[in-house]
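Just so we're on the same page, our numbering is the position in the sequence shown counted from 1, plus 23.
Using C-beta positions, here's what the derived DEER-type ranges look like: (1) 775 - 507: 38 to 48 Å; (2) 774 - 507: 32 to 42 Å; (3) 678 - 859: 26 to 36 Å; (4) 231 - 380: 38 to 48 Å; (5) 391 - 305: 19 to 29 Å.
Once the Cα atoms are required to be at most 27 Å apart in a straight line, the calculated BS3-like pairs of lysine-lysine come out as: (6) 843 - 763; (7) 892 - 856; (8) 115 - 363; (9) 793 - 856; (10) 665 - 795; (11) 923 - 244; (12) 923 - 215; (13) 763 - 665; (14) 215 - 244; (15) 413 - 363; (16) 795 - 856; (17) 115 - 793; (18) 892 - 843; (19) 499 - 363; (20) 354 - 215; (21) 795 - 763; (22) 828 - 923; (23) 795 - 843; (24) 677 - 115; (25) 115 - 215; (26) 843 - 793; (27) 892 - 115; (28) 665 - 793; (29) 763 - 856; (30) 856 - 843; (31) 354 - 244.
Simulated from the structure, these hints should not be mistaken for laboratory data. Every residue gets a Cβ at the ideal spot worked out from N, C-alpha and C, and that includes glycine.
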Amino acid sequence: MKFSNRYWATAGMASFMALATAQYAAAQTTSADASPAPSAPQGQEQGSNDSADIIVTGTNLRGVAPVGSAVIAVGQAAMQQTGLATTTDILKTVPQVSSLGPGEATIGSTVNNAALNTTRANGLNLRGLGVQATLTLLDGRRVPPAGITGSLFDPSVIPAIALERIDIVADGASATYGSDAVAGVANLILRKNFNGFETSGRYGFADDYREWQGSAVLGRKWDTGSVTIAGEYYYHSRLRQEDRSNLFPCNQVAFGGTNNCSFFASPGNVTDPATGIRYGLPGGSGRNLTPADLSTTPNYAQSYQGQDLLPETDRWSLVARLDQELGSSLKGWVSGFYAKRMINSRNGRIDVSALVPSTNPFFISFAPGQTTPQTVEFALIDDVGPPIIKAAESNYQIAGGLDWDIGGSWQISAYASHSFTEGRSISPQEENINLLTAALADPDPATALNPYGSGGVNGERARSLLGHFRIAGSYKMDLASIKTDGELFQLPGGAVRVAVGAEFHHDAFFNGAYENFTTPTLSQENVLSGTSNSRDVWSLFAEANVPLVGSANASPGLERLELNAAVRYDNYSDIGSTTNPKFGLRYDPFSDLSLRASYGTSFRAPLLADVNPASAAAVFYIPNFGPFGNVVEYAGGNPNLKPETATTWSLGAKYTPASTGFSASLDYFNIVYRDIIETAPFFSPQVFTDPAYAQYVILNPTPAQVQEVYSLPWAGTPLIPAANVNALVDVRRNNATAVKMQGFDFAANYLFELADGTVNTGISGTYLLKYKKQLAPGAGAVDRLNEVNYPLRFRARGNLGWSNKIVTANLFVNYSNRYKNTVGSIAPVQRVKSYTTFDLSLNYDLGANGGAMDGLSLSVSAINLFDRKPPFAAVALNQVYDSTVASPLGRMIAFNIRKKF
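From just these sequences and the hints, can you work out the full model?
Right, dumping it as structure tokens:
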């Protein structure tokens, strides 16, 4: 049997860690933890935690659960039970987490600038308000934004095996954490005080797709401290669009659309310059052709040819944390991570539309003596293969801090961190315009480019014409924070606790774009854009928790009453200052029922990329864009942007009858989100079909209007003559939109004994009452609830599980309701069916009874157990499924082996 390099990489990590463990185990004087602590079911709300040593999400106070806001917790055991490989995939099982926006599998969607996600990073998007409105934390601290534009953090860089749990607060949290926490926060909490060694190997497969994963965590604790190190290697193969060709038909006439297939075929098409009639070329050598050899039926190319649906991906990750007592009242810690991800993705055909002069030895004369250049549309895919995009992204953070007990319950905590992320992408197969023009005009049959034949006739000649386009970006963040908190005084209901602190961070951003497909030679390179900017942010924050009624002064109908108030002031060197408060209330009429409420404001500062006019600036040339003709789009930043702002409030209840194993919660939320920074949709028919975007589109522009765009520094050499442009589209960033959103979150869980095990059943979900969006300045709010590219009304996930000391079995059901498709080429509205899938995971503990196999377990999982196909949704001119709702993978089977020492 032949094994790939990825196999050896996975096996190598496991072997290395096993050797380390053998040496480590020999030196152990205390037994390793046999298993992680029991975890709440997937997505269950976290209860109160009074331990001052536990990281609490949503508050700056130690030992106090956040007041007024629910915390959704996913523990280590629940992560394993999902059967999923990555932290991002696990997070997306929570119904409040949307797949809208940038993601590795997002295709055919322009929402949240997903089309510009060149490194295919996975963003986290709470409530579908955008990845920019969700703050991701690691042990409660900020992590560096990634992507070429520094716009998101990919949770997948933190291995799931390294996590104790994930906390999600789906409520505004800028009063605690500052910018970005509009929809809420997701806090990735590392294992701490882990003692032992645990390693895991995973292999998964679906039709035409493979996945490898090797991960391990090693920990040692002693009387005064602990250290934990975790690492992971992850690989998945590419998934070609050809392997899911039924999802990518460009000819949509059969179901009421238009034929959007490309004329850039192999063989291609030639147009008679005298009549304007397009003819199909016959193929073959392309030599000595006459008009009689041509077909009156043009040749078309399938859009999926040479395209990847998922890129081939490799990722390495390493996470570590050290905690140490430095004295009787002083503790120190150091934590950090490093990750590198590389992708390789086929990017379709190299399409060429060229004016071929009569000097070309293969020129076709439609009439005697004809010398007028003729347009030939062809593709070089059979000559040089599909263009390959190679991208890489690396990021790291190193942080360290001190916790000083200064007397009583008071503590001063201070930490600093340095973070850096870097991304780059290169497409090495872009035809050089100057070399192409010369090759088409070359009169020598031995060296001229022949665009009239079948693919493969040009070979090395075609390769010699190819340049590249590359982009790069980096983001650096240096942060320092100090805080003190403790008990201020006692009330009959308990201790009044307060926290005050300050924070500073300096952020710096770089973005560049380079090409050599418009240069005289391939040895030269043009700088399309190379730009950088930075900012300083100063912050002050305070929080108080006031327990008016507690166990000491409770009375019938008033078991507990607690108030919380927090405020934060942030001053940005480039956009000004903002102050955001939040108030929380908890009222327990009796011990089984807890009522809560919250109100606050939040904000998001524009990205450094957003306010830089040259950042991600480009002019996109889109010839033959379906029924819209030749389209030119121009993108870039905007220095006049202001912060996005939001007002959020919520009401909720949690019912937990004692000693029943049952719990249920219901929360109402209301969000008004203003001045959202967005662009008109990239590469989308929606910009033409939706009246709200009319102000961004110029139909049949004048030559002067086109020339204004072509004169931009990053326009490069225009690929469409100005006279042939049918539409200009402005896709620059603006404070363009606003959202009004309200709905309910709900969860219920019930645990009970059955036979010799425990049954765990539950459901969690979110149901929206309203989602109205103002799509452009001055436009009215439009109801977008339950439309493609916007949040769905109802999403839920249910679970049914049974476990004993040997076997654990879990069945999950995932549901997304039906919705409307208002984009694509099918008018006016298309109904998309609901989507329901089932996931199954089974685990067998081989070492439950001790012995040689102690700590060894095997598991198998089936994601989309019944191989449910994506519902029909013509969301693009060449795509009939919605990648933000449904997966194209089909049934995914995975086997996992785990060993604990």
